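Please take these sequences and the hints and turn them into a complete structure.
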Amino acid sequence: MIPRDSVLRIARPTDNLETIAKMYCKGLGFEQLGAFNDHLGFSGAMVGHPKHHYHLEFTHHQGTTVGRAPTQDNLLIFYIPDEPAWQRQCGQIVTGGFIEVVSYNPYWDDTGKTFEDADGYRVVLAHRGWTV
Numbered sequence: 072m073i074p075r076d077s078v079l080r081i082a083r084p085t086d087n088l089e090t091i092a093k094m095y096c097k098g099l100g101f102e103q104l105g106a107f108n109d110h111l112g113f114s115g116a117m118v119g120h121p122k123h124h125y126h127l128e129f130t131h132h133q134g135t136t137v138g139r140a141p142t143q144d145n146l147l148i149f150y151i152p153d154e155p156a157w158q159r160q161c162g163q164i165v166t167g168g169f170i171e172v173v174s175y176n177p178y179w180d181d182t183g184k185t186f187e188d189a190d191g192y193r194v195v196l197a198h199r200g201w202t203v
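Following our numbering, the numbering of the sequence shown begins with 72 at its first residue and continues without gaps.
Where hints are given, some of them may not hold.
[To be verified] In silico EDC-like links for lysine to aspartate or glutamate, alpha-carbon gap of 20 angstroms or less: (1) LYS97 <-> ASP86; (2) LYS97 <-> ASP180; (3) LYS93 <-> GLU154; (4) LYS93 <-> GLU171; (5) LYS93 <-> GLU128; (6) LYS93 <-> ASP76; (7) LYS97 <-> ASP190; (8) LYS97 <-> ASP181; (9) LYS93 <-> ASP190; (10) LYS122 <-> GLU102; (11) LYS97 <-> GLU128; (12) LYS122 <-> ASP86.
Hints are computed from structural coordinates only; laboratory data are not their basis. For clarity, every value in this text was computed on a predicted model and none was experimentally measured.
Spelled out as structure tokens, the structure:
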């Protein structure tokens with residue numbers, strides 16, 4: 072079993088490295104935790120909260136085009152049960168450049184709101200708690 076204090080990094084490629092990193096920082100209140108440029112042809116940015124056990128890494132490989140998200144069901148989901156905090160986050164994500172969209176899976180429209188980034192990947196802000 073992976074220890075509880077392990078850090079989870081979710082990485083994905085993008086053709087819009089600078090734009091995407093800025094969107095996630097501004098839209099979700101993340102910080103840029105690190106970056107690298109032209110490391111064996113790859114550049115990237117890590118974003119998240121310095122004290123959380125997860126962060127996102129966006130990468131770009133020179134000379135490669137990755138295009139948009141392969142489906143509308145590629146989601147990051149954040150559960151925010153507090154009404155004022157959820158409302159603030161919905162406003163902040165739009166300010167960050169995300170576009171509110173109808174969910175591919177209608178469950179997410181019943182649970183919260185779905186937003187799409189410049190690459191077509193989606194973030195759900197669920198207005199509810201979550202337990203295992």
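Hint by hint, here is what the structure shows:
About 19 angstroms separates the Cα atoms of LYS97 and ASP86, which keeps this hinted pair within 20 angstroms; it holds. For a cut-off of 20 angstroms, the pair hint linking LYS97 to ASP180 is broken: about 23 angstroms separates their Cα positions. Between LYS93 and GLU154, the direct Cα distance comes to roughly 26 angstroms. Violation of the 20 angstroms bound is thereby established for this hinted pair. Distance check on the hinted pair: LYS93 and GLU171 sit about 17 angstroms apart at the alpha-carbon level, within 20 angstroms; holds.
Taken as a hint, the LYS93 and GLU128 pair is honoured in the structure, with Cα atoms around 12 angstroms apart against an allowance of 20 angstroms. For a cut-off of 20 angstroms, the pair hint linking LYS93 to ASP76 is broken: about 27 angstroms separates their Cα positions. Using a Cα cut-off of 20 angstroms, the hinted pair LYS97 and ASP190 holds, with the two alpha carbons roughly 16 angstroms apart. Distance check on the hinted pair: LYS97 and ASP181 sit about 26 angstroms apart at the alpha-carbon level, beyond 20 angstroms; violated.
The suggested pairing of LYS93 with ASP190 holds, with an alpha-carbon distance near 13 angstroms, which does not exceed 20 angstroms. For the hint linking LYS122 to GLU102, the alpha-carbon distance of about 11 angstroms falls within 20 angstroms, and the restraint holds. Taken as a hint, the LYS97 and GLU128 pair is honoured in the structure, with Cα atoms around 15 angstroms apart against an allowance of 20 angstroms. At most 20 angstroms may separate the alpha-carbon atoms for a hinted pair to count; LYS122 and ASP86 exceed this at roughly 28 angstroms.
Consistency note: the structure conflicts with the earlier hints numbered 2, 3, 6, 8, 12.
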